[in-house]
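Q: Can you make the complete structure from the sequences, with help from the hints?
Take any residue in the sequence shown, count from 1 to its spot, add 180: that is its number in the working numbering.
Derived from the structure by calculation, the hints contain no laboratory data.
Careful, some of the hints might be misleading.
FRET-style restraints, in silico, Cβ to Cβ [said to hold, decoys possible]:
#1 Cys-247 / Leu-205: 16 to 22 Å
#2 Phe-245 / Gly-222: 42 to 48 Å
#3 Leu-253 / Asn-232: 19 to 25 Å
#4 Lys-236 / Asp-200: 30 to 36 Å
#5 His-230 / Thr-197: 29 to 35 Å
#6 Asn-232 / Lys-261: 16 to 22 Å
#7 Lys-262 / Leu-216: 41 to 47 Å
#8 Tyr-249 / Asp-200: 46 to 52 Å
Subject to a maximum C-alpha distance of 25 Å in a straight line, what follows is the list of computed PhoX-like cross-link-like pairs (lysine-lysine) [stated by the list, open to error]:
#9 Lys-261 / Lys-246
#10 Lys-261 / Lys-236
#11 Lys-257 / Lys-236
#12 Lys-262 / Lys-246
#13 Lys-226 / Lys-236
#14 Lys-252 / Lys-226
#15 Lys-246 / Lys-236
#16 Lys-226 / Lys-246
#17 Lys-257 / Lys-226
#18 Lys-262 / Lys-252
#19 Lys-246 / Lys-257
Even glycine gets a Cβ: it sits at the ideal position worked out from N, Cα and C.
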Amino acid sequence: KIIIQFFSYSFYKLITTASDLIDVLLNNILRNSRHLCPNDCGRHYKRIGHMNYHLKYECGVSPQFKCPYCSKLFSQKSTMKKH
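A: Okay, here's the thing in structure tokens:
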């Protein structure tokens, strides 16, 4: 039996089953009006634009940004630029 203590600024709950954990996570996501990825990858975003970026470039998509110097692939353009 798994016992997890979940604390957030709004509530405290002792979790003893998987369904309790799912309830707490979903309630926390919904309470904070998060946008869930429709592909069930588990990611969630505060801003819908970030979720759209995730859907277009990251979720189930192979990396699309290629380094012009070494040909390494990246899923985010900003990560490629830092590289």
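Q: Please go over all the hints and tell whether each is borne out by the structure.
A: Right, here's what the structure says about each hint:
1. In this structure, Cys-247 and Leu-205 break the distance hint of 16 to 22 Å, their C-beta atoms being roughly 36 Å apart.
2. At roughly 23 Å, the beta-carbon separation of Phe-245 and Gly-222 lies outside the given 42 to 48 Å, and the hint is violated.
3. Distance hint for Leu-253 and Asn-232: a CB-CB separation of about 21 Å, consistent with the stated range 19 to 25 Å.
4. The hinted range of 30 to 36 Å is satisfied by Lys-236 and Asp-200, whose Cβ atoms lie roughly 35 Å apart.
5. The hinted range of 29 to 35 Å is satisfied by His-230 and Thr-197, whose Cβ atoms lie roughly 32 Å apart.
6. Checked against the hint of 16 to 22 Å, the pair Asn-232 and Lys-261 passes, with Cβ atoms roughly 20 Å apart.
7. Range check, Lys-262 to Leu-216: Cβ separation about 28 Å, and the 41 to 47 Å hint is violated.
8. Between Tyr-249 and Asp-200, the C-beta spacing of about 50 Å keeps the proposed range 46 to 52 Å intact.
9. For the given pair, Lys-261 sits about 10 Å from Lys-246 by alpha-carbon distance, which is consistent with the 25 Å threshold.
10. A C-alpha spacing of about 19 Å is found between Lys-261 and Lys-236, which places the hinted pair at or below 25 Å, so the restraint holds.
11. As the CA atoms of Lys-257 and Lys-236 are separated by approximately 12 Å, the hinted pair is consistent with the 25 Å bound.
12. For the given pair, Lys-262 sits about 12 Å from Lys-246 by alpha-carbon distance, which is consistent with the 25 Å threshold.
13. The suggested pairing of Lys-226 with Lys-236 holds, with an alpha-carbon distance near 17 Å, which does not exceed 25 Å.
14. With a C-alpha separation of about 30 Å, the suggested pair Lys-252 and Lys-226 falls outside the 25 Å cut-off, and the hint is violated.
15. The straight-line distance between the Cα atoms of Lys-246 and Lys-236 is roughly 16 Å, inside the 25 Å bound, and the hint therefore holds.
16. About 28 Å separates the Cα atoms of Lys-226 and Lys-246, which puts this hinted pair outside 25 Å; it is violated.
17. Taken as a hint, the Lys-257 and Lys-226 pair is honoured in the structure, with Cα atoms around 21 Å apart against an allowance of 25 Å.
18. Our distance criterion of 25 Å between C-alpha atoms is met by Lys-262 and Lys-252, whose separation comes to about 12 Å.
19. This hinted pair checks out: Lys-246 and Lys-257 have alpha carbons roughly 9 Å apart, not beyond 25 Å.
When each numbered hint is compared with the structure, violations occur for hints 1, 2, 7, 14, 16.
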